[in-house]
Amino acid sequence: MTADTVTSSSFDAAAFGPITLDHLPPFAQRLRKAADHVWEEGYRQPFLRELGAGTLDREKFAFYLLQDYRYLDDYAKVHALALTKTHDPEIMRFMVDVQNAIFNVESAMHRKYMASFGVTEAEMNSVRQSAFARAYTSNILSIAYGNPLVDVLVAVLPCAWVYADYGQRLAREFGDSLESNPYKSWVDTYKTDEFWSSAAWLLKHIETLVEGLSEERKAELTEIFVVGVENEYMFWASAYDMQYSWKPEWDRARA
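Using full-length UniProt numbering, you'd call the opening residue of the sequence shown number 1 and step up by one each time.
No lab work stands behind these hints, which were simulated from the structure alone.
Treat the hints with caution; some may be incorrect.
To be verified - Derived pair list, reagent style DSBU-like, types lysine-lysine, alpha-carbon separation capped at 35 Å:
| hint | residue 1 | residue 2 |
| --- | --- | --- |
| 1 | LYS77 | LYS247 |
| 2 | LYS247 | LYS33 |
| 3 | LYS204 | LYS85 |
| 4 | LYS112 | LYS184 |
| 5 | LYS184 | LYS60 |
| 6 | LYS77 | LYS60 |
| 7 | LYS184 | LYS247 |
| 8 | LYS33 | LYS60 |
| 9 | LYS204 | LYS218 |
| 10 | LYS247 | LYS112 |
| 11 | LYS77 | LYS218 |
| 12 | LYS85 | LYS218 |
| 13 | LYS204 | LYS33 |
| 14 | LYS218 | LYS33 |
| 15 | LYS204 | LYS184 |
| 16 | LYS33 | LYS184 |
| 17 | LYS60 | LYS247 |
| 18 | LYS218 | LYS112 |
| 19 | LYS204 | LYS247 |
| 20 | LYS33 | LYS85 |
| 21 | LYS112 | LYS60 |
| 22 | LYS184 | LYS77 |
| 23 | LYS77 | LYS204 |
| 24 | LYS112 | LYS77 |
The task is simple: from the sequences and hints, build the whole structure.
Below you can see the structure in the form of structure tokens.
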């Protein structure tokens, strides 16, 4: 395991004030700018547009939920590994709280949705992970096993930040029609200040940890973040296409 040498932090969280989608500290602004193209393209992709409009095919949404259910298992493992990289009680508590939320909140939401689609829990546990989801989770697990804490925080940041941003934007854009939208509860989950608080916590701690790092290390962290946002895009895009393998014909060959 490697470690970064960090000089004393100059980021004053108290003086900076609340971190919001419109009020980001400097390194967070750098990350967001670097990922802007894929970030905005992600919001415009068919899965999100149709989800916001309430017209997304239920089978596509079920595909997404099944893949997300599998994803969350690995996401929990990443946070468990992060526990081994710090002695800071606040960071350790956060990692435990995320795991608790995954197993007691996110999983409950997935089970509720899946039941409405007639999908059993046995099917949820046996679903084949798509190539795109596997690429995403393999990447963050690799980082969690071999990299310093700050890398792990940056690797999990896209999930928290992208979902919060898209949830709030969908709520604003489609607010007038959400009451009749079958995916309203999905939007309601991710539009909240409570959900954003996880991203804000990560952004604050990342801002502190990057102080004193070399430009080379900051560039490495930025690349980790951009790859994560790209993986978020492909997670939804592959769900929309209901694609398990890199090429659709490979799915047919395995059928």
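Taking the numbered hints from earlier one at a time, note which ones the structure violates and give those numbers from smallest to largest.
Structure breaks hints 18 and 19.
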